[in-house]
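Chemist: Take a look at the letters that make up each chain.
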Amino acid sequence: MSLMSFFNRRTSAPVARERLQILLAHERGIVGGKPDLIAQLREEILAVVRRHVAVEHQNVQVKMNRDADISTLEIEVEIPGPTPVAAR
Amino acid sequence: MAKVLVVTSGKGGVGKTTSSAALGAALAHGGDKVVVIDFDVGLRNLDLVMGAERRVVFDLINVVQGDAKLSQALIRDKRLENLSLLPASQTRDKDALTEEGVAKVLNELREKFDWIICDSPAGIERGATMAMRHADVAVVVTNPEVSSVRDSDRIIGLLDSKTEKAEKGDRIEKHLLLTRYDPARAERGEMLKVDDVLEILSIPLIGIIPESEEVLRASNVGSPVTLNNPASAPGRAYFDAARRLKGESVELTIPSDKKSLLGKLFGRRAA
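For the protein sequence lines, the chains are A and B, in the order given.
Every number in the numbering used here is 20 more than the matching position in the first sequence, counting from 1.
Every number in the numbering used here is 852 more than the matching position in the second sequence, counting from 1.
Since the hints were derived computationally from the structure, they do not count as laboratory data.
We put the CB at the ideal spot given by N, CA and C, even for glycine.
Wrong hints could be hidden among the right ones.
Here are some chain B residues the structure puts well away from chain A; computed CB gaps all over 10 Å [claimed, not checked]:
#	residue
1	900
2	903
3	909
4	960
5	989
6	1023
7	1041
8	1056
9	1068
10	1073
11	1105
12	1106
Now the in silico label distances, taken between C-beta atoms and shown as ranges [to be verified]:
#	chain 1	residue 1	chain 2	residue 2	range
13	A	40	B	1045	33 to 41 Å
14	A	40	B	1052	35 to 43 Å
15	A	47	B	865	17 to 25 Å
16	B	1037	A	96	49 to 57 Å
Below 27 Å or equal to it, Euclidean Cα-Cα: the simulated BS3-like pairs (lysine-lysine) are [said to hold, decoys possible]:
#	chain 1	residue 1	chain 2	residue 2
17	A	83	B	1017
18	A	83	B	921
19	B	930	A	83
20	B	946	A	83
21	B	1045	B	885
22	A	54	B	1045
23	A	54	B	885
24	B	863	B	921
25	A	54	B	964
26	B	885	A	83
27	B	946	B	1045
28	B	1098	B	946
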């Protein structure tokens, strides 16, 4: 480490190392035992919801955050209300 | 009027992804609405360089194949709200990129963004040809090094023959972005000079990005160099290039990192 970086800033290589470890753990399937478990969960959860209600693509919001200790999968599905009785 | 810009080079490792992220962030910083698309199917990295790797849900191929809406696949940058990323698929085959599918996605993006930056994969295969296919403007990223210049020449030939514009008889706007340039070595005759490269490739210069430690530092932390350190030499050089892309006339200089005496003495020892 140079004197400059020692005094001036927090080094960036440890950040790179941590980011790669988290990313590769997910890609190799070390987390959850399957490559990209989160993506698979997303597909299956949506399939289950679709079995019961017709869900429009645009009414589904999915957010993921893959982290070292905890990953979150946030699925927001707008379920349509009762169909209004057609006017006669 | 939206512009589709392809960042291409032929050769790998010359700075296409770094430049796509840096130019995208610089343009977005100036207020334009920008989306950067990763065309490197199977070997995506733009998400990592832009620090969005943990948030990828859907990708370009999901959108092309109709499995996801464009709005679901776009990842909005956490630092700049008018900067978005459309990641490549890491698992699918690149043959899934159909010309019609890509055209449809680009047309939809044209309505929402001012700049659509297509980060091309290396090579001249499907991913690279799809990235350039619908472009209005091309930035050819070149290192002052023989193999990079040769591959850029090949890519310029493809831009003039295989793009939609070229096939219609229009000219595609081409710009040279010279990266990893070291003025001192060029002066000592150890590196091709700017003029050497310009003479060989004969396309106009959009910027010179000096070789700098800041580029690695920025990718380490997942931030475009123009956001991570806008005052750094590469940061300033990319900001200037972005202004030239917008049609502004900016004097061409090669910014340098100012180093203190201590920095000069010890800087080169960094591993």
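Chemist: Against this structure, judge whether each hint is valid.
Modeler: Hint check results:
1. 900: violated (7 Å)
2. 903: violated (8 Å)
3. 909: Residue 909(B) not clear of chain A: closest Cβ-Cβ about 5 Å, inside 10 Å.
4. 960: Check passes; 13 Å lies beyond 10 Å.
5. 989: Fine: 32 Å to the nearest Cβ keeps residue 989(B) off the interface.
6. 1023: About 39 Å separates residue 1023(B) from the closest Cβ of chain A, which puts it past 10 Å; holds.
7. 1041: holds (28 Å)
8. 1056: holds (34 Å)
9. 1068: Violated, since 8 Å does not exceed 10 Å.
10. 1073: With a cut-off of 10 Å, residue 1073(B) comes too close to chain A, as the shortest Cβ separation is near 5 Å.
11. 1105: At roughly 24 Å from the nearest Cβ of chain A, residue 1105(B) sits farther out than 10 Å, so the non-interface label holds.
12. 1106: holds (22 Å)
13. 40(A) / 1045(B): 33 to 41 Å: Since residue 40(A) and residue 1045(B) have Cβ atoms about 37 Å apart, the given range 33 to 41 Å holds.
14. 40(A) / 1052(B): 35 to 43 Å: holds (37 Å)
15. 47(A) / 865(B): 17 to 25 Å: holds (21 Å)
16. 1037(B) / 96(A): 49 to 57 Å: holds (54 Å)
17. 83(A) / 1017(B): It is violated: about 37 Å lies between the C-alpha atoms, which goes past 27 Å.
18. 83(A) / 921(B): holds (14 Å)
19. 930(B) / 83(A): OK: residue 930(B) and residue 83(A) at ~14 Å, within 27 Å.
20. 946(B) / 83(A): The given pair, whose Cα atoms are some 25 Å apart, holds under the 27 Å limit.
21. 1045(B) / 885(B): violated (35 Å)
22. 54(A) / 1045(B): violated (50 Å)
23. 54(A) / 885(B): violated (37 Å)
24. 863(B) / 921(B): Since the Cα atoms of residue 863(B) and residue 921(B) sit roughly 33 Å apart, the hinted pair is violated (cutoff 27 Å).
25. 54(A) / 964(B): Cα-Cα ~36 Å, so violated.
26. 885(B) / 83(A): holds (22 Å)
27. 946(B) / 1045(B): Roughly 37 Å separates the two Cα atoms, so the pair is violated.
28. 1098(B) / 946(B): It is violated: about 32 Å lies between the C-alpha atoms, which goes past 27 Å.
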